[in-house]
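Peer 1: Place chain B on chain L using the hints.
Protein chains: 2
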Amino acid sequence: MHQRDRVSDAVVRRLPGYYRHLRELEAQGVLRLSSRALGERMGLTASQIRQDMNCFGGFGQQGYGYYVPNLKRRIGEILGVDTPHHMVIVGAGNIGRAVASYPTFRKEGFVVDALFDVDPALIGQVLQGVEVWPAGELRNYLAEHAVDIVVIATPADSARAVLDTAAEAGVRAVWNFAPVDLTAPDKMELGNVHLSDSLMALSFRMHERALMDEGGSGWRR
Amino acid sequence: MHQRDRVSDAVVRRLPGYYRHLRELEAQGVLRLSSRALGERMGLTASQIRQDMNCFGGFGQQGYGYYVPNLKRRIGEILGVDTPHHMVIVGAGNIGRAVASYPTFRKEGFVVDALFDVDPALIGQVLQGVEVWPAGELRNYLAEHAVDIVVIATPADSARAVLDTAAEAGVRAVWNFAPVDLTAPDKMELGNVHLSDSLMALSFRMHERALMDEGGSGWRR
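Chain order of the listed sequences is L and B.
Going left to right, the first sequence walks through residues 1 to 221 as the UniProt record's numbering numbers them.
Going left to right, the second sequence walks through residues 1 to 221 as the UniProt record's numbering numbers them.
None of these hints come from the bench; they were simulated from the model.
Each hint should be verified, as a subset may be incorrect.
Said to hold, decoys possible - Ranges of calculated distance between the beta carbons of each label pair, as one might list FRET restraints:
1. B:R50 x L:A161: 35 to 41 Å
2. L:E168 x B:G136: 48 to 54 Å
3. L:R6 x B:G63: 47 to 53 Å
4. L:R139 x B:E144: 50 to 56 Å
Unchecked claim - Listed next, the stretches of chain L that the computed footprint assigns to chain B, with coverage defined by at least 3 CB atoms under 8 Å from CB atoms of chain B:
5. 6-12
6. 62-71
7. 79-90
8. 94-106
9. 111-124
10. 156-166
What the hints assert, rightly or not - Which bits of chain B does chain L cover? Going by a derived footprint, with three or more residues having C-beta under 8 Å, they are:
11. 91-100
12. 144-158
13. 192-200
The C-beta atom is built at its ideal place from N, Cα and C for all residues, glycine as well.
Bound-form chain L, shown alone:
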């Protein structure tokens, strides 16, 4: 498998949504579903769904559709939710705590083993069931524990140093919430979450709709 065989970002962005909807369908006792019905639920076309599934070999049967439990299990395997992931969170502020207590992570196999912070008042405390370690211990901790994902929930100016420490320890993935664009070294996967991007996209749609309601000529000037 070569670099060029990486699945496109657009497909990867949709995959977790498939998993969420299939989990809900399974919980509702739905066993079988056409690509059209799944598409209506997700706001996608049937053909887009078939194309997405074909990235992984396709799982439907002509004239039958998808068997929900199998498709959900297979997409879960593809996403890696069938194997446990050990995470540590650097930064025990609001974002760090929000990640530590996010309700669905644990049941999807993402387990937070430790929080790290520089604040002496927090060190040794147990927040959301997770112990807070001194930030200075991160390097040693990573050397001694198997950690799959380091979550960066620090201020912007500390984020790069945390990424470097994780990289030196051979951690395979970093999930960054600090409001800065980090660049991953070659051997690491990096997910940057910019909350303000999501807010600006919402703001954009509000203004676009206002233009539509005014019956104006749109964005082009």
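Peer 2: For chain B alone, coordinates are given in the frame of chain L:
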């Protein structure tokens, strides 16, 4: 401007990134930039950048490139960051507080006027400089104040009721962090943030890379 003239999600997803990078470039004193240089910085092709800009009339000049201050200002206008937005946050837990204290929102014009919570111990407190109101007052508050965006940071089972209250009050946008897929009424823009989607996408890339490193035949079976 008709529904079909809405700018595609793919473009809207990239716009805040343009704004972020242009703001950094401006702060560094860069005045002029080619679409190729901007593309290299953002991991996009020059042609993709020109296509994105053409959705809004295009702002470059052949052979000159983009004038950074103008392009940043124009993209800011398109995103609506040049006009103040008033927000309230329902749910004063970790996610609500993280949004209330997110460092860049205020300077981009997104101002949090109030937090709402059901916990009597929190009501009346000032968290991140924002007063906590009783959740039961949300309806009255929205009737009496101009609120542009309602942020839902409640548990999943309360999210729908908050959305309905916002819709009845004529609020134009809801930004939902509860781990549930909400559907917006016709007159409202809705942004669903699923933190677990971002984590699963990262997990997917980790496993994809492991397959690549093993030299296997990839995802197709």
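Peer 1: Each hint needs a verdict: does it hold in this structure or not?
Peer 2: Verification of the hints:
1. B:R50 x L:A161: 35 to 41 Å: holds (37 Å)
2. L:E168 x B:G136: 48 to 54 Å: Check passed, 51 Å falls within 48 to 54 Å.
3. L:R6 x B:G63: 47 to 53 Å: With Cβ atoms ~35 Å apart, the hint is violated.
4. L:R139 x B:E144: 50 to 56 Å: holds (53 Å)
5. 6-12: holds (count 4)
6. 62-71: As far as the region 62-71 of chain L goes, the hint is violated, because 0 residues have Cβ atoms under 8 Å from chain B.
7. 79-90: holds (count 4)
8. 94-106: Coverage by chain B holds for the region 94-106 of chain L (10 residues, Cβ < 8 Å).
9. 111-124: violated (count 0)
10. 156-166: Contact hint for the region 156-166 of chain L vs chain B: violated, 1 residues under 8 Å.
11. 91-100: Since 6 is at least three, the answer is holds.
12. 144-158: It holds: at least three residues are needed, and the region 144-158 of chain B offers 4 whose Cβ sits within less than 8 Å of chain L.
13. 192-200: holds (count 8)
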